[in-house]
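Make a model of the complete structure from these sequences and hints.
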Amino acid sequence: MWWRSASFILDRQQHQNRTVAPSPESFLLSSPPPMADSPLNPKSNISAYYQTRAAHHAVVTSDWLAQAQAAVGRHSDDDGSLGDDKGAAPIGGGGGGGEEEGSGKAFSVIDEFNSWRKQPALAEAVAAIRALAAVIRTSEATTMMELEIELKKASDSLKSWDTTSISLTAGCDLFMLYVTRTSALEYEDFNSAKSRLIERAEKFGEISCKARRIIAMLSQDFIFDGCTILVHGFSRVVLEVLKTAAENKKHFRVLCTEGRPDRTGLRFSNELAKLDVPVKLLIDSAVAYTMDEVDVVLFGADGVVESGGIINMMGTFQIALVAHSMNKPVYVAAESYKFARHYPLDQKDMSPARRPIDFGVPIPSKVEVETSARDYTPPQYLTLLFTDLGVLTPSVISDELIQLYL
Amino acid sequence: MNRVGLQYLAGDLSGGNARCIAMLQAFQEAIRDYSTPPEKTLTRDLTSKIGGFVSFLIECRPLSMSMGNAIRFLKSRIARLPLTLSESEAKTTLCSDIDRFINEKIVLADKVILRHAATKIRDGDVLLTYGSSCVVEMILLYAHELGKQFRVVVVDSHPMLEGQKLLRRLVVKGLSCTYTQLNAISYVMHKVTRVFLGASSIFSNGTVYSTVGTASVAMVAHAFRVPVLVCCEAYKFHERVQLDSICFNELGDPDAISKVPGRVDVNYLDNLTDKQKENLELLNLKYDATPSDYISVIVTDYGMIPPTSVPVIVRGYRKEYLLI
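For the record, the sequence lines run as chains A and B. By UniProt numbering, the letter at position 119 of the first sequence is numbered 119, and the numbering carries on one by one without gaps. By UniProt numbering, the letter at position 262 of the second sequence is numbered 262, and the numbering carries on one by one without gaps.
Hints are supplied without guarantee of correctness; some may be wrong.
Within a straight-line C-alpha distance of at most 30 Å, the following computed DSSO-like cross-link-like pairs (lysine-lysine) qualify [unchecked claim]: (1) 111(B) <-> 191(B); (2) 148(B) <-> 173(B); (3) 259(B) <-> 286(B); (4) 75(B) <-> 153(A); (5) 159(A) <-> 75(B); (6) 148(B) <-> 348(A); (7) 159(A) <-> 348(A); (8) 191(B) <-> 286(B); (9) 243(A) <-> 274(A); (10) 111(B) <-> 165(B); (11) 366(A) <-> 191(B); (12) 274(A) <-> 348(A); (13) 286(B) <-> 111(B); (14) 191(B) <-> 348(A); (15) 210(A) <-> 153(A); (16) 286(B) <-> 275(B); (17) 280(A) <-> 250(A); (18) 75(B) <-> 40(B); (19) 328(A) <-> 280(A); (20) 111(B) <-> 348(A); (21) 277(B) <-> 152(A); (22) 165(B) <-> 191(B); (23) 328(A) <-> 366(A); (24) 159(A) <-> 111(B).
Simulated DEER-style distance windows between Cβ atoms [what the hints assert, rightly or not]: (25) 186(B) <-> 391(A): 37 to 43 Å; (26) 186(B) <-> 286(A): 44 to 50 Å; (27) 288(A) <-> 173(B): 45 to 51 Å.
Sample of chain B residues lacking proximity to chain A, with all beta carbon distances greater than 10 Å (derived) [claimed, not checked]: (28) 13; (29) 71; (30) 85; (31) 95; (32) 179; (33) 180; (34) 194; (35) 278; (36) 280; (37) 297; (38) 316.
Calculated from the structure, these hints are not laboratory results. Computed from a predicted model, the values in this text were never measured in an experiment. Glycine residues also receive a C-beta, built at the ideal position from the N, C-alpha and C atoms.
As structure tokens, then:
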């Protein structure tokens, strides 16, 4: 059972509440991950990205809810989107909360980012993009240079909030490139240039939001009637793909891996059951056993790297290997803002993202646990990538990156 | 020009970058000393003069790919000279273009490559390199300056024994090195964490054209699942596609491989009669082609790219330098 405290949701406080802990905690989880209220997320051994995901999708017990509500009452400067993880919080409240923090100088891009981030449907990178667009809107700079410097600072502080998240870094970089790539900016008067920047920023935010719909439409050709799809991890893009296929009255069934320790499979199968899609849960070890009956393997991605490989939840590489050796196609659904200029040569070549694993029983302190949260799948095990730029083979990713970045 | 040609012939000047820079600097001198004969246009006459020099250099030693690309650049610059320029202006323009080419495409490109490649070296690594590539040498020295702790294995082969020069330069700077011959490669490979190779050129299908023996090193590394990084400036990329090592190569001196230097007892081929020698062909190839499957990443001044992205660079950015 994932142990957490209400401080996950309440970003502002540092206190270490021990809440209802239904199962004995392992020794490894003896200190809760506090969320500091400085822009930096100092927790070195837990990736903030996974904290967010957990906060959005963790199973909510009623006494936990009550405790969260009680904690909210104590802190008046928090945004209103608490406790109700599953529904989308109203944006105005969040945005307003962020901007009320102070006058223009004290506008904190991190607050804005956090308020956007609370919506479970919004990807982290899109939240960052929206936050950066808000930076431009509320900026008090009078020259283009100043504005660019402000943007760069905001982007850097967002990136440093979680250095392990690839899509966040990539999203910020792409936003900066897209927005500042307008030529002849220097020759216009500042206000019209600024409004043009804001326009482009909004457009980029919209494209990123629409990316999932585009990917869902493109991938419909690859889901045929009567197919069996294996999924791993909780990817909102994959969910969108399967939702669209179900809406188009396709007959297919889904095999979900359990996805320990995040229990992504349980949540995903929940969602699919709501769509009346036949779904079967497997334990992670049963993937090779069931691979014979699988037609298509579908993953999302945390990040797509320059080699054409993907970085995704731990277990993806394993499943891709099994699928490849049994000649099953492996498809990845990823938005284009996840493309990053990293090039991992092996599994350990990335900055590690760790997350605590609860085995349910106490582990002796001498025993080490592999706590890495993600792995790298090299491009030779992937068949195709569905992105909002089209359906691409892994070798084209570098082509796209070169065009985007150079 | 004669001096450079003789240096090639003697083998004093080797390595793609060194030969290319020496050739371009010789061209610069030639251009400065040049004067247009009457009733001839600068562009056409100079182009034919350059052609003459190139033939001379080819006589000394066949051109490397890098030199070929540089000559194409120079000829296109000459062709693009506006006709209104006076002779001295044209000459200074050309000389400064050559300087820019050397600076941007080689010197600065090498600096960018250093930065990218050094991020792939971690403490505790065992790096293997083959032969003597100037870029790889720079990378190793730079990483050492940054304070990274690593060991180097230098693999070498007859008859050129270029690795010994690299070894000397590394040991002098304080790197801990191991030296071995190519036949021991599968013995050392299980300890190696990364392989760094240089390239003479990279073709559009990702095939790496480099000193003979490189393909074997890359193949063994691939079999041991060791990542292979090829470091090459973008000006060396070529549109050609080559499927194997034989269809285009350079022959070296056959007698060099019939003897082992320093071992007079290993002279089994000395006493062959002429009739017997007719049946024997000594093949001393200088280059070989490494298939792109064995390469993990190519480090260029455009960043780290997979071997499949070479045509993207050739298509998109080679036009750039033709229009400097």
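Right, here's what the structure says about each hint:
no., hint, result
1, 111(B) <-> 191(B), "holds (29 Å)"
2, 148(B) <-> 173(B), "holds (14 Å)"
3, 259(B) <-> 286(B), "holds (17 Å)"
4, 75(B) <-> 153(A), "violated (46 Å)"
5, 159(A) <-> 75(B), "violated (47 Å)"
6, 148(B) <-> 348(A), "holds (17 Å)"
7, 159(A) <-> 348(A), "holds (21 Å)"
8, 191(B) <-> 286(B), "holds (28 Å)"
9, 243(A) <-> 274(A), "holds (10 Å)"
10, 111(B) <-> 165(B), "holds (22 Å)"
11, 366(A) <-> 191(B), "holds (29 Å)"
12, 274(A) <-> 348(A), "violated (38 Å)"
13, 286(B) <-> 111(B), "holds (28 Å)"
14, 191(B) <-> 348(A), "holds (17 Å)"
15, 210(A) <-> 153(A), "holds (27 Å)"
16, 286(B) <-> 275(B), "holds (28 Å)"
17, 280(A) <-> 250(A), "holds (17 Å)"
18, 75(B) <-> 40(B), "holds (17 Å)"
19, 328(A) <-> 280(A), "holds (19 Å)"
20, 111(B) <-> 348(A), "holds (26 Å)"
21, 277(B) <-> 152(A), "violated (72 Å)"
22, 165(B) <-> 191(B), "holds (23 Å)"
23, 328(A) <-> 366(A), "violated (41 Å)"
24, 159(A) <-> 111(B), "holds (26 Å)"
25, 186(B) <-> 391(A): 37 to 43 Å, "holds (41 Å)"
26, 186(B) <-> 286(A): 44 to 50 Å, "violated (38 Å)"
27, 288(A) <-> 173(B): 45 to 51 Å, "holds (50 Å)"
28, 13, "holds (33 Å)"
29, 71, "holds (26 Å)"
30, 85, "holds (30 Å)"
31, 95, "holds (29 Å)"
32, 179, "holds (25 Å)"
33, 180, "holds (23 Å)"
34, 194, "violated (7 Å)"
35, 278, "holds (48 Å)"
36, 280, "holds (43 Å)"
37, 297, "violated (6 Å)"
38, 316, "violated (7 Å)"
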